[in-house]
Amino acid sequence: MMLERTRCLCVLVGLVTAGSVTSIGAAGDAAARDETAKPRPNVLLLMTDQQTLRAMSAAGNPYLHTPHMDSLAAAGVRFTISYCASPVCAPSRSSILTGRMPHETGVNFNGDVPDPSLPNLGEIFRAAGYETAWAGKWHLPASYPRAPQQTVPGFEYLSLPKDVGLALGEQTDGIVADRAIAFLRRKHDRPWLLGVSLHNPHDICWWARLKPVRPRNPHLFPPLPDNFDIAPDEPGFLADCRKPKTYGVEQQYTDAWDETQWRAYLYAYHRLTEQVDRVIGRILRVLRARKLDDNTLIV
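Under the working numbering, think of the first position of the sequence shown as 31, with each following residue one higher.
Keep in mind the hints are simulated off the structure, nothing from the lab. Nothing false has been slipped in among the hints.
Heads up, simulated BS3-like pairs for lysine-lysine below, C-alpha to C-alpha not over 30 Å straight-line:
1) K217 / K192
2) K321 / K217
3) K217 / K68
4) K68 / K321
Hey, can you work out the whole structure from these sequences and the hints?
The structure is reproduced here in structure tokens:
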């Protein structure tokens, strides 16, 4: 679900503070309030990495099938316009977790450390009496912190085994789901906030590094988007950005790609998105089996 970052944080913080705010002006007797009081909701924050707005069948994309994301979209609210605080991974994450822009968090590029004076989502929820945990990619600054030397402020970090590779989502996402599921199966005496940060479809970044081969079954590949080529009236620097000298070794690999290879790339991206959808499905099944879904807000 694509959410504007600051608004999302305000909504979540409002959930944990609403009880104290409404009690200030409450006029009824204590018994009446107890009868109408409802337990505060759990919050499950699901994150994927480098998933575009249209990379979901609920968004009308016929070239992939994401039933578990679709089920969330059908039962909730899906935004068709969203704004990302930064195109770079760590700055964007710092904004998601604090509701502040990167120039405020101090995270302007990967490797920067957030300003510790700014409370993050976990610290805010924990102060409100929630149990808070985080599973998966963090990247502020370590992608996958190794406990106990590295920690995640405001959260219990559900760390990965030390012998697990950390480069690809296919190595980590299933184990991240295992950690999240183990948390859901615990006995909880308080409401909880669980962040589950999955890696894929980020693995597409490695696609260009693979040994070039002629793709098979090109009739299965989706067409390129209408804006794939730079419009002739756009500034010249946009075309320069595609030159191999500009950014990273990947552009050297892709400089000679033809349309079929780019369509194969898009096909692979859709398969990685379906892969992470299946991981999300595992988590949702346990949430429902534990009868936690009726009192859990899923973002």
